[in-house]
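With these hints in hand, go ahead and build the complete structure from the sequences.
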Amino acid sequence: MSAAPVLSARHIGKDFKSERGRVVRAVDDVSFDIAPGETLALVGESGCGKSTTGRMLLRLIEPSTGQIFYQDTDITTLSAGHMRAMRRHMQMVFQDPMGSLSPRRTIGQTLTEPFEVHGVAKAADCRDRVAALLHQVGLSPEHADRYPREFSGGQRQRIGIARAIALNPKLIVADEPVSALDVSVQAQIVNLLQDLQEQTRVSYLFIAHDLAVVRHIADRVAVMYLGRIVEIGGKHQVYNTPRHPYTKALLSAVLEPEPEHTASRIILRGDVPSPSAVPSGCAFHTRCPIAEARCRVERPELREMDKGQEIACHLA
Amino acid sequence: MTPLLQVRDLVVEFRFRRATIRAVDGLDLDLDASGTLGIVGESGSGKSMASLAIMRLLPQPAGRVAQGSIIFEGRDLLALKASAMPAIRGRDIAMIFQEPMSALNPVMRVGDQITEALHLHERIGSAQAHARVMEMLELVGIPAPAERAYAYSHQLSGGMRQRVMIAMALICRPKLLIADEPTTALDVTIQSQVLDLLKRLRRTLGTATLIISHDMGVIADVAERVVVMYGGRVMETADRATLFRDPRHPYTRGLLAAIPRLRDHRRRLHQIPGSVRPAGPPRPGCPFAPRCDLARPVCAEQDPPRIVLGEGHIAACWAVAEAVS
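Chains S and A supply the protein sequences, listed in that same order.
The first sequence maps to residues 1 to 316 in this note's numbering.
The second sequence maps to residues 1001 to 1325 in this note's numbering.
In silico DSBU-like cross-links for lysine-lysine, where the CA-CA straight-line distance does not exceed 35 Å:
hint : chain 1 : residue 1 : chain 2 : residue 2
1    : A       : K1199     : S       : K235
2    : S       : K235      : S       : K248
3    : A       : K1199     : A       : K1175
4    : A       : K1199     : S       : K248
5    : S       : K170      : S       : K235
Hints were generated in silico from the structure; no laboratory data involved.
Structure, rendered in structure tokens:
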């Protein structure tokens, strides 16, 4: 990865105050780089902090600690006005496009908004730009006059993607962009995201819980557990030679439509602990099949095991 | 062997003032005692409405069974008086749902809810009932059952709640368990635990299971026979090995090819064009025709024939009919 990263997160963390005034650390000391044209996937189960991390990159949630660099600019210290201008380079696609599209505006109006906010196109040009955008995401220009309710889930996600790419951003944070869609429609959206990346070299932070989809779309993968990255590496490293016991268990839990494939499944005991009561030492020790005394006391830091593959485990 | 459950030509409709929506159109199901049958389908396929029809719990007043029979242990459930159903639900046929939170009473301790389910169907002393409940909680893998029985549902994790619901469903030893998307709301590591539990319970208790899911992976993991539904109709049905190794219906094939796998290195996923059509009024022809690569004019006009491809392997498709003739 010789090119300078589009985005770097350095030791970012997020503390939320619970109702009783306790501090819940949802994200703790997370660092990664995303190269131009690269897809980094963040995977993990609910409550692992992957969505909070994604939102922090755009400062939709303010980080409590750490720094985020867009190219060479530390965006964590930017004023609200400067941050708004910065967002033309960094966009977001959500799981539920219906929740992020205004029901009372036509698709054309919604897609014109980015141009107006950033003052990059005259009103007269907007219609052409919108038509081009719709075409780019596989819809037709006539769709511009319709309202979100007139579209299917897959089409609405195309609209969400069209809005995100309107200003040619360098980075898109896509938070579970296909998990609410029917299986027969998921593949369309995955293919669309890949086509757009080939055309524009946009980078993705792809947040997902479906490891088979991630395997298909990602270049690198970071696995999170209770707010921390426990393993990060190239896709082939993480999928072919997973080293963290949590990564191994996650991969073995993937159910594939292949009844003959009966690889022994690692069944973890217990539940994911609450982020408000993260276990001591290695947070995974309460469910880990190989944990030792040391794991209950001492927190493992990420260390490089192989070129580009880092894991946080005392025993791997 | 007489089948435990035999559904024939089931048609479920919703009647509104302006329109009639057909949610299930000509469904056949066969399930033996202690068998596991999976229904797989996307949104609007009719899979959940089929299961509610079996329980006679279709949303009222719009929903009704317009046609067909549901033979359970030799009698047609549709011919029974509505007042006879509560005795069957829970005792003979039990159901678990995707979201246990909405099925559990939030102000009642979970142990009491399971006990109540037991008292509803059996005359049993409280000491004996308590013992049965503890035994069942242990069986479904709830640690420290004596303590957890005093918990309220909101104090339990999603996985534990699903276990409680399974315990409540099985406490009267029903002959048939209907599981509608039982793991869809759960994290993958918890999904593994719950599917493992369902398989183990079927082995130890011998409860026949009808599992309904949108997830081909879940179906491949637990179901012995599979029914693939789309737009209210059965597209294909086969035993598990045949369905996944030799799918014949273009919809089944397309769906399986659209799913990314851990061990494949295709650059592009197979795409099924268009989107799932919402359920509408009864229409002739194949509901998948507008999205099908192999569609021909007849597909939009006439219902496809059901082609028998092997023992228990049926596909409803004009293109398949042409290929085998």
